[in-house]
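Let the hints inform the model, and build the full structure from the sequences given.
Chains U and H supply the protein sequences, listed in that same order. Numbering-wise (this note's numbering), the first sequence opens with residue 3 and increments by one. Numbering-wise (this note's numbering), the second sequence opens with residue 10 and increments by one.
Hints are computed from structural coordinates only; laboratory data are not their basis. All the given hints hold, so there is nothing to weed out.
No farther apart than 25 Å at their CA atoms in a straight line, the calculated lysine-lysine pairs in the PhoX-like style are these: (1) H:145 with U:147; (2) H:58 with U:147; (3) U:257 with U:271; (4) H:17 with U:147; (5) H:11 with U:147; (6) U:271 with U:259; (7) H:65 with U:147; (8) U:147 with H:141; (9) H:65 with H:11.
Quick caveat: nothing in here was measured; it's all calculated off a predicted structure.
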Amino acid sequence: MTDAPEEKATNRPRAFGIIAQMATPLAAVLIALLLLAASVAVAFQLERVGQLEKARQSAVQAQILASGIAAPLAFDDDVALQEYLNALRADPQITAAAAFRPDGTLVTGYARPPARLPSRNAMAEPTIVGNTLIVTAPVLQGNMKLGSVYLQSTVDSWSRRVTRYLGLAVIAVLASLLIVVLAASYASLRKAHQELQNEIANRMQAEEALRQSQKMEAMGQLTGGVAHDFNNLLMVASGGLDLMERTDDPVKIAKLKAGIRQAVDRGSKLTKQLLAFARRSPLKPEVIDLRERVSGMDALLERSLGEGIRVAMHLPGDLWPVEVDASELEVAILNIVLNARDAMPRGGVIVIEAANAPGDGKRGDCVQLALTDQGSGIPVDQVTKIFEPFYTTKGVGQGTGLGLSQVYGFVRASGGDVRVDSIEGRGTTITLILPRTTKNPAQHVEDVQAMVAPGQHRILLVEDDDTVATTVGGMLAELGYETERAENGDAALRRLDRERNFSLVLSDMIMPGDVSGIDLVRRVGQNWPALPTMLMTGYSAAAASAAKEGIRLLSKPFSIQDLSVQILAALDQKGHRPPTPE
Amino acid sequence: MKASFLFKFAPFVEWPPSAFSSGDRNFTICIAGEDPFGNVLDDVVRGQKMANRPVKVRRLKPEGGVAGCHMLFAGRSAEKDYTPFTPLAGQPVLTVADRDGGPPGAMIQFVIRSGRVRFQIDESAARACHLKISSKLLGLAIAVDRK
Chain U
3 MTDAPEEKAT
13 NRPRAFGIIA
23 QMATPLAAVL
33 IALLLLAASV
43 AVAFQLERVG
53 QLEKARQSAV
63 QAQILASGIA
73 APLAFDDDVA
83 LQEYLNALRA
93 DPQITAAAAF
103 RPDGTLVTGY
113 ARPPARLPSR
123 NAMAEPTIVG
133 NTLIVTAPVL
143 QGNMKLGSVY
153 LQSTVDSWSR
163 RVTRYLGLAV
173 IAVLASLLIV
183 VLAASYASLR
193 KAHQELQNEI
203 ANRMQAEEAL
213 RQSQKMEAMG
223 QLTGGVAHDF
233 NNLLMVASGG
243 LDLMERTDDP
253 VKIAKLKAGI
263 RQAVDRGSKL
273 TKQLLAFARR
283 SPLKPEVIDL
293 RERVSGMDAL
303 LERSLGEGIR
313 VAMHLPGDLW
323 PVEVDASELE
333 VAILNIVLNA
343 RDAMPRGGVI
353 VIEAANAPGD
363 GKRGDCVQLA
373 LTDQGSGIPV
383 DQVTKIFEPF
393 YTTKGVGQGT
403 GLGLSQVYGF
413 VRASGGDVRV
423 DSIEGRGTTI
433 TLILPRTTKN
443 PAQHVEDVQA
453 MVAPGQHRIL
463 LVEDDDTVAT
473 TVGGMLAELG
483 YETERAENGD
493 AALRRLDRER
503 NFSLVLSDMI
513 MPGDVSGIDL
523 VRRVGQNWPA
533 LPTMLMTGYS
543 AAAASAAKEG
553 IRLLSKPFSI
563 QDLSVQILAA
573 LDQKGHRPPT
583 PE
Chain H
10 MKASFLFKFA
20 PFVEWPPSAF
30 SSGDRNFTIC
40 IAGEDPFGNV
50 LDDVVRGQKM
60 ANRPVKVRRL
70 KPEGGVAGCH
80 MLFAGRSAEK
90 DYTPFTPLAG
100 QPVLTVADRD
110 GGPPGAMIQF
120 VIRSGRVRFQ
130 IDESAARACH
140 LKISSKLLGL
150 AIAVDRK
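Structure (structure tokens):
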């Protein structure tokens, strides 16, 4: 489904990669060539400048000579003339020097072999022939031309000049080679890096796919298990109803009702767990007393464990309070106990004990809750795996591999840790280490009784589903509230515009129409700030977003007790004191 | 040889601007007494220029003045009271004569030394007449009189 964009996305970097791979060596070769060309150019430029310099020097020398020999030349003083010319012999590069009369005939001069003096001097620009530089200069005094001088000097031979630039050339060539070698190694490194990156990406994709398929498999197993459980629950409920119709014995009816209630509770718990698996619901930590919470689970545990398995609790009274999500704690204990049950097919005792663990240097004060079974134990090589999601040793329909991963997620999210001690064939101890809190536990009200309406209140019930509306309406009537129903958000808003004497708006969250439950709550908050609102939902994702906005929320399914408590809290919060009967 | 020398002295000497009157467009070499050069001097200076002026040779009559001369070569003379340089005292005229046989008082005097023509220079006399003689010429002279 997503193949096309992915392909496009991976092709582009690959194309870039090829260009980049080619670019580096090409650039290096180019730079090296440029470097070589630049050094050759510099050498030629130096050479040219050097020759110009040499020509200028010679011209100056010739002029000095011309100026010096003006008088001797004019007055035929050969001795003085020779002295001037001989002074130039000191310079070994000057191979010939001579003075000429105005008519171009030679007066005197010298030449080192193989250089030869011209018989006549012709004025010309400085010229270089081979290794020879020839410079002429007129001998002038005032405006009168008294003659000319001729200077011939050698410039360095090609071999000498090449030798001079050899060092530079070697450096340039070595630098170019270095650049090419570096670039080549860089390119190969880059290629290796690219391959590594591709490899990493491929592996990550494979891992992702593996996880996804594992999850799908687990979901399949979960669905099977849940369907199986649900059928049992429905069996209990429908069978119970059938039996209730056939009997008038109040004791029997009460028993059957309790059974149906239990089945429905379990079903609700199952869906809650399912939703929690589907999407991790946010933790709602509260300060609790572990002794009270865990001992309150005894009935549930006994029910879940069945025959042959006994739970023994050793919970001292002076346990420190901990701050955790109470329901998650219960789920975690349930998950551990269920695993313990499965590890003891022939029955046994599960010991739940708790103790305060004063902090050492590494961590602060903790409360340890240890659950020990007498089961088969966990093989050493699997101890590290048991908290991995979807890791299970149970058959299809029996386990999802999510139970212990929930335990791990719960303790980590609570700032605690979990420890496993197992001896194969002897049993396993799983210890939850939960950090102590300095806060005091809230007074837990056990077995909340349904609280009737504290006076006359009209509640606007917004619900599109007729059955749910009837049930909730019935609950509200039972509690003593007057109820009006609106079928959707628009209708509710119209109703509120007409009538103002409502004490509360209780709305479903997902409804057909333009105005959703959240929209309705927002609009009511804007238009009638004093009117309290409450949402009902069975959808955890929507619930999370509503909770983020601080909207009062009732999770379906809810009991009449939950409903009464929440309504009272909502009325209380907005200052709706019950009107006094007087 | 002397004729060529005589002419070649000119570029090594610097005349004051006052020496060139605006009316005279020539550079004049005057010769007093006997003329030892004949046509040679005329040949040497023909077509030449000094200080952008064409060079002329003027042979003075015994009774003639020296006005307009820039150089004066005085040759031998049988005349009594032959003092050709006297009227030039203080004037910017380069005076040249043979040392031996020529009239005394010339700034540059030709001397024959080992068969070659050389010269000696009375530099202070030239300076007194506002003439600057190049050190190149002074360096070549066999003797320089600097007072």
